[in-house]
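Let chain A serve as the given structure and place chain B on it in line with the hints.
Protein chains: 2
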Amino acid sequence: MYSGLIERLAVENDSRILLAVVDGLGDISIPELGGRTPLEAAETPNLDGLAAGGALGMHIPIAHGVTPGSGPAHLGLFGYDPVEYEVGRGVLSALGVGFPLQHGDLAARINFCTLDDDGVVRDRRAGRIPTEKCRELVSLLSGGISMDDVEVHLMPVKEHRACVVFRGGELSGDVNDTDPGLVGQRPVQVRGQGRTQDLVREFLSRASEILRGRHPANCILLRGFALYSRFPDMGERFHLKPAAVALYPMYRGVARLAGMEVMECDPETLQGQTAAVSRAVGEGRDFVFLHHKPADSSGEDGDPVAKISAIESFDRALPGLLELGFQVIAVTGDHSTPCPMKLHSWHPVPVLINGGPQRTGYSSAFSERQALDGSLGTFRSTDLLPLLLASAGKLSKFGA
Amino acid sequence: MYSGLIERLAVENDSRILLAVVDGLGDISIPELGGRTPLEAAETPNLDGLAAGGALGMHIPIAHGVTPGSGPAHLGLFGYDPVEYEVGRGVLSALGVGFPLQHGDLAARINFCTLDDDGVVRDRRAGRIPTEKCRELVSLLSGGISMDDVEVHLMPVKEHRACVVFRGGELSGDVNDTDPGLVGQRPVQVRGQGRTQDLVREFLSRASEILRGRHPANCILLRGFALYSRFPDMGERFHLKPAAVALYPMYRGVARLAGMEVMECDPETLQGQTAAVSRAVGEGRDFVFLHHKPADSSGEDGDPVAKISAIESFDRALPGLLELGFQVIAVTGDHSTPCPMKLHSWHPVPVLINGGPQRTGYSSAFSERQALDGSLGTFRSTDLLPLLLASAGKLSKFGA
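From first to last, the protein sequence lines are chains A and B. Each residue of the first sequence is one higher than the one before, counting from 1 in my numbering. Each residue of the second sequence is one higher than the one before, counting from 1001 in my numbering.
Chain A extracted, bound-state conformation (with noise of 0.2 Å):
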């Protein structure tokens, strides 16, 4: 809203906060559920208990009808705008697998595609090639290019996807597309600044003669360059302590951009979740980033069943969580995935906020619809490290 104003008034405490992200939270009318969503139908008498005892509000990732990307709604979530914010393609590949970006790497998303003899693209997905196939060409791909000036580091992801990170010396984001987005033309000139075209050309024309006979994936197309640069702290802009606890590597990058000490969890489940939780608390930070991930994926699914368990299971951690001094708690999503989409969408998130000065008895349950009638209104995911921050203490007044 106002740029700077929250860091202005941020103060430090001893206030702690937990932020419990269950990705991909509110859903849409189901009518297998008998109209309701998947939070309405699970069993979940732990954020019910919080829900009655807190303040319910809807948040809105980006803006009014606009889908975001797994990066931007946690940014939004950890008080980056989003737009003001955006991290390229490539930059968010590279995160997802896991891979330690440094400042001023260039990063970018690959395609295995299908060209034809004359060098035409017949397929942009090179028949979407099983993830196995992927390994082993971006395995043949590394061995096969090293570079002078540059080092490069190339990444499967999934099916035709793959990632290519280049770093040292000075490199320019400002690279386009090779893809030419439609199939029957030739993959588009790469132009950038001088050394940084210099370098790409050089890799796609070593990529070129490596791949040249293995159809279908006989050459790569590049999409979405993107320098990473390290954002302002999230420690340093609003005077906390943060560390994150999250399984999944693109969770664990985003957190990372924002500047959190990524917690190491042993084993990957909620239980090992909690106690990485509980080391973060005993060694001194005092906002504590969750990541649940698996609601997401039944959204993605389409299986509301799988869901409402994935929401249930979270439901029975929470006791564990609450055992261990957090003074706030929050309690949402980062998007809606509703199952009849299978897709992430548009459509506001359900909030709990539980501690700290709170209009309460408005709510009796956690749910999109009770989320709508809660004492926090609607209010853009951007507003919520704000409104944990004043629960907690820890924004000063405005003027006197």
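If you're looking for bench data, these hints aren't it; they were derived computationally from the structure. These numbers were taken from a predicted model, which means no experiment stands behind them. Where is the CB? At the ideal position from N, CA and C, for every residue including glycine. Incorrect hints may appear among the rest.
[Unchecked claim] Not everything, but these chain B residues come out facing chain A in the computed CB check (under 7 Å):
id, residue
1, SER1029
2, ILE1062
3, PRO1068
4, GLY1069
5, GLY1071
6, VAL1083
7, TYR1085
8, ARG1089
9, VAL1150
10, GLN1193
11, THR1378
[To be verified] Pairwise CB distance ranges, derived in the manner of DEER restraints:
id, chain 1, residue 1, chain 2, residue 2, range
12, B, GLY1399, A, PRO180, 40 to 46 Å
13, A, ARG230, B, ASP1198, 40 to 46 Å
14, B, GLN1102, A, GLU283, 51 to 57 Å
Chain B alone, transformed into the frame defined by chain A:
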């Protein structure tokens, strides 16, 4: 929202608007009131009647999570973006004691403090000397300091707090605090623009001479230097003839800052205020701001019973105000002052508008809960004035 749009559309007509601000009106659930707020618990037949025949909503004073001081909170209600029109703390202090600031005045807050023999700050508040002592010391300083090029005006505030205004010639507000912020350090050297730096240093050295040996208040610290700049006049901006009826210097000062005519009140009671509102109407004023302080004071005292009583006295004064011929009446707070917090807070504030074409029949009483479900919805405080102008037929159509 859109800079300059409301100014472009505002037109004059014969309708009159009353904006009654019950200071600190909003609250949170209070256990000893059965989970109700003071507004919900108060007997307010007149407010409830206005609510039933009008429209309710909630306003957000600055931004989600941001707690406003009284100055910025009121400016928002007068249609001034409180962050864009930020008022320095020195200026608010001088307004707060009723000093008639002029354009170009330089104001700062004074803390009496205790220095040890080495000139190190031992107590930043001089043991919180009583207000009586503060008055005596301010009088001593006023009598002892006169400077060549500039008028120096000194005013006691409360306990160890006072304020100073420099007037004359070109002054700059870009002067650092001399308060080191912690004990065990020397006061910070004054740095500023040439002439301003010289005169503030000279002022400080004379004050130090006068206070030397007067333990515990043997020196002063200066904070919150701010230049007073006239704001664009509310009357000109919105084609209004605005008047203010407020008993406390702070609110009279903020009203003056917005260019309102400030009415005299005698006696200084709600009856006296009602008579002043009547006089303002008689003089052709078509926008009257009425300020009712006691709800805020009892919130800061943490006294829900006193807050209920403050709200009920305002309710009893309403019929007298309703007789004065306003076409549109709004009742709201500048911010919330929840009794359990004993502080201003960030919680949205209930608003009532009666008069003009409204969606009615949504509400039966004026309360936080009904305001959240009211037909006006939730909006930023700066949107209230446009809604009042529109309700009074004072905003023309945008486009054809």
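We went through each hint and held it up to the structure:
no., hint, verdict
1, SER1029, "holds (5 Å)"
2, ILE1062, "holds (6 Å)"
3, PRO1068, "holds (5 Å)"
4, GLY1069, "holds (3 Å)"
5, GLY1071, "holds (5 Å)"
6, VAL1083, "holds (5 Å)"
7, TYR1085, "violated (10 Å)"
8, ARG1089, "holds (5 Å)"
9, VAL1150, "violated (25 Å)"
10, GLN1193, "violated (23 Å)"
11, THR1378, "holds (5 Å)"
12, B:GLY1399 with A:PRO180: 40 to 46 Å, "holds (42 Å)"
13, A:ARG230 with B:ASP1198: 40 to 46 Å, "holds (43 Å)"
14, B:GLN1102 with A:GLU283: 51 to 57 Å, "holds (55 Å)"
Consistency note: the structure conflicts with the earlier hints numbered 7, 9 and 10.
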